[in-house]
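2 protein chains.
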Amino acid sequence: LLSALTLARRAATLPGPLHPEAVDAISFDSGFASPGIFPDLTRAAERALTTYRREALQYCLPFGLAALREWIAAYMRDDGVDVDVEDVMIVNGAKNGLDLICRLFAEEGDAVVVTAPMYFTAIPILRSFGLSFIEIPQDREGLDVKQLELRLQQRERDGLPPPKFIYDVTDFHNPTGITMSLDRRQALLRLAGDRSIPIVEDSPYRKLRFEGEAVPSLKALDRNGMVFAVGTFSKLIAPGLRIGWIGADRSMLRRIAQLKSDGGTCPLTQRIVLEFFKDDGLTQQLVRARTAYAAHRDHMVAALRRELPDVAFSAPHGGYYLWLKLPDGIDSGVLAHRAFEMGVSVIPGDAFFASNEPGSARSKGVPKHHLRLAYSYSTEQEIDEGVNRLSKAYHSLLS
Amino acid sequence: LLSALTLARRAATLPGPLHPEAVDAISFDSGFASPGIFPDLTRAAERALTTYRREALQYCLPFGLAALREWIAAYMRDDGVDVDVEDVMIVNGAKNGLDLICRLFAEEGDAVVVTAPMYFTAIPILRSFGLSFIEIPQDREGLDVKQLELRLQQRERDGLPPPKFIYDVTDFHNPTGITMSLDRRQALLRLAGDRSIPIVEDSPYRKLRFEGEAVPSLKALDRNGMVFAVGTFSKLIAPGLRIGWIGADRSMLRRIAQLKSDGGTCPLTQRIVLEFFKDDGLTQQLVRARTAYAAHRDHMVAALRRELPDVAFSAPHGGYYLWLKLPDGIDSGVLAHRAFEMGVSVIPGDAFFASNEPGSARSKGVPKHHLRLAYSYSTEQEIDEGVNRLSKAYHSLLS
Chain A
1 LLSALTLARR AATLPGPLHP EAVDAISFDS GFASPGIFPD LTRAAERALT TYRREALQYC
61 LPFGLAALRE WIAAYMRDDG VDVDVEDVMI VNGAKNGLDL ICRLFAEEGD AVVVTAPMYF
121 TAIPILRSFG LSFIEIPQDR EGLDVKQLEL RLQQRERDGL PPPKFIYDVT DFHNPTGITM
181 SLDRRQALLR LAGDRSIPIV EDSPYRKLRF EGEAVPSLKA LDRNGMVFAV GTFSKLIAPG
241 LRIGWIGADR SMLRRIAQLK SDGGTCPLTQ RIVLEFFKDD GLTQQLVRAR TAYAAHRDHM
301 VAALRRELPD VAFSAPHGGY YLWLKLPDGI DSGVLAHRAF EMGVSVIPGD AFFASNEPGS
361 ARSKGVPKHH LRLAYSYSTE QEIDEGVNRL SKAYHSLLS
Chain B
400 LLSALTLARR AATLPGPLHP EAVDAISFDS GFASPGIFPD LTRAAERALT TYRREALQYC
460 LPFGLAALRE WIAAYMRDDG VDVDVEDVMI VNGAKNGLDL ICRLFAEEGD AVVVTAPMYF
520 TAIPILRSFG LSFIEIPQDR EGLDVKQLEL RLQQRERDGL PPPKFIYDVT DFHNPTGITM
580 SLDRRQALLR LAGDRSIPIV EDSPYRKLRF EGEAVPSLKA LDRNGMVFAV GTFSKLIAPG
640 LRIGWIGADR SMLRRIAQLK SDGGTCPLTQ RIVLEFFKDD GLTQQLVRAR TAYAAHRDHM
700 VAALRRELPD VAFSAPHGGY YLWLKLPDGI DSGVLAHRAF EMGVSVIPGD AFFASNEPGS
760 ARSKGVPKHH LRLAYSYSTE QEIDEGVNRL SKAYHSLLS
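In order, the protein sequences belong to chains A and B.
The working numbering puts the first residue of the first sequence at 1, with every later residue one more than the last.
The working numbering puts the first residue of the second sequence at 400, with every later residue one more than the last.
Hints in this document: simulated from the structure, not taken from any laboratory.
Among the clues, some could well be false.
Straight-line distance between alpha carbons at most 25 Å, and here's what the computed SDA-like set of lysine to any residue pairs gives [said to hold, decoys possible]:
id	chain 1	residue 1	chain 2	residue 2
1	B	K545	B	V765
2	A	K278	B	K677
3	A	K278	B	K606
4	B	K606	A	E55
5	B	K677	A	E46
6	A	K364	A	P124
Bound-form chain A, shown alone (with noise of 0.2 Å):
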């Protein structure tokens, strides 16, 4: 006999994405980053191996090198985020971050919140833990905090406790590409403030705005203490190198360096990031992302605006995605399935919904009008072309 928590690991599979170097299409799939812009880190690699071989081949402690904690506490406090080295803690990723978190609070039947539709491979992660979820839509400002104080006064009065932490992805969401409004993230906080909630704010894009000004992070905001800032260079430097952070008060870090029994995160690649920024490689690096992917954006959606003039989407002001709804009597999972038939692979929306499970009565609700495609990988040539496939796709379902 199976416990639930054991059945909930074993339904905890990834959604499976594709890589795109191992598939014969053009992938609009997940968001792997266009290689043409991976960086130069051969003397960032050396100085690591050579100045700083004991270092960067030894164990490292479970906070990771002090060196690059500092380095993020100062790129945070320029973001206006009130951190010093002892609120950093290095992770191997944002995945194993969110893990973490999961390990410090999650109980077996704890609930979540979570937006609807959230980042799919957060998903199997909180799942895993046998957590439920709460999920909350969003509008153009972000995650509805009206409709989330309904569903917890609603808790409430069921008696049910209230969720361990609010997990969301506030600048340039994946999948929806909305960066929640400044009134938004006040009124979040001040709701999860009065009951004590945890916020995990997942924030892989914030720095890959194309257009338009920042809007403060739930970090910079809070004043509780009660918001984990989840960050990751995988889509600042490259996503090869796993080096991630959480930003939060330093008595939970202290906490989760306990529970973190993996032998530290990579120091070498640890020491080849802080390398690479000593040249102030970052400034450069995020000059050539943004004019990549924000060519990439307006490439795709000049493209679906001329192919699929019936789709509907929001072009984002950053990030890697655009987020579309299809017509009505359009599946998603059809229209995709035929596209990956015809060359291009692209993710139906019910993957980004947390009560989707396939097979099971819960996923009715599900929409299924929604697909993402990621313009990050592809080139641009390749952007037109695997529109026009999806766009043959498409036509082929109408007529």
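With chain A held as given, fit chain B onto it using these hints.
Okay, now just chain B, sitting in the frame of chain A:
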């Protein structure tokens, strides 16, 4: 109210080894590598970051780089194991491998078989899954399989389910240095095979044999596909790489891949390892490591026999550790504390018993007369000075 699993997780704190470069003491503490033998990885890194840049800086699939898996499969075949690339998965170090195997098998309340004493960093990992321990002593031939059989028979009579797996470090056991004999390995495989109990064979030190013949690994002797061989490059090349592997039946690995929601193991360090091997780096590195650690062992053995003749131990034929037995009346915790005050850090033996929970009644039977000394990290001069300080601490307790 917290569940038993949550309480277990909260209690699952690391014993807190000290980073040797963070304390002002000679370190015979955890198994840090000797910095003097760290190889030059600069050429390997340069190739990884130029020729293989697209691969090294992109996300990697959960199984890891195919070329590295091929290499490891060949390495295991050279060691008598019948495996193919499909039977190898790359993980973030051996501890991550154990964590993933627990995710596959473990349910709260399950039991696992461990040695008493055992590798102490595995204790919090196993505890974090809510596992209980069936502790089996060792003799000179390794885990006492007769005692294990009696315990399993007793569990059957008590109506208890079999353990989920057997965990052991079969070569140069941590902390005892014992290598399991061939007869004992075959007896263990028969017992586990008859009852369909998987075995996790954690073998970081296998290639660090200073003298004598290697005994076939459990994985090489396995005819039932029940052994999970957990390997790591931490002891072969450098701990800072955080690259390990699981060699196991491919159907099991496919299930583990679905639980590996970490964004993949770092492809940059995987590629650096591979490029290092292309230059025949491992052959030279193993000679360097064996030479250095054999000399460290000889030095520590001689110093202990000279300065602490009342302390009993067997000199191991490989690995990193000496396991000391103190005379009656000397408490290892008191001695370790005094030794640290005198400038040498050692780990009291009770930390290596899974039933050791400071402050709990269950800890009462845990032996208090062992010390583990790692000879890996310190130089020969430091070994002399450290044993001298330990001897002073010891003699101060006698007076």
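message = Between the alpha carbons of K278 (chain A) and K677 (chain B), is the straight-line distance 25 Å or under?
response = violated (31 Å)
task = Compare the distance between the alpha carbons of K278 (chain A) and K606 (chain B) with 25 Å, and conclude whether the hinted pair is satisfied.
result = violated (39 Å)
key: Given hint E55 (chain A) paired with K606 (chain B) - CA-CA distance at most 25 Å   = Status holds; Cα separation ~24 Å.
Hinted pair K677 (chain B) and E46 (chain A), Cα distance within 25 Å = holds (18 Å)
inquiry  = Would the hint linking K545 (chain B) and V765 (chain B) be met if the CA-CA limit is 25 Å?
reply    = holds (21 Å)
task = Verify the proposed pairing of K364 (chain A) with P124 (chain A), using a straight-line Cα cut of 25 Å.
result = Holds, at about 19 Å.
Hints 2, 3 from the list above are not met by this structure, while the remaining hints are.
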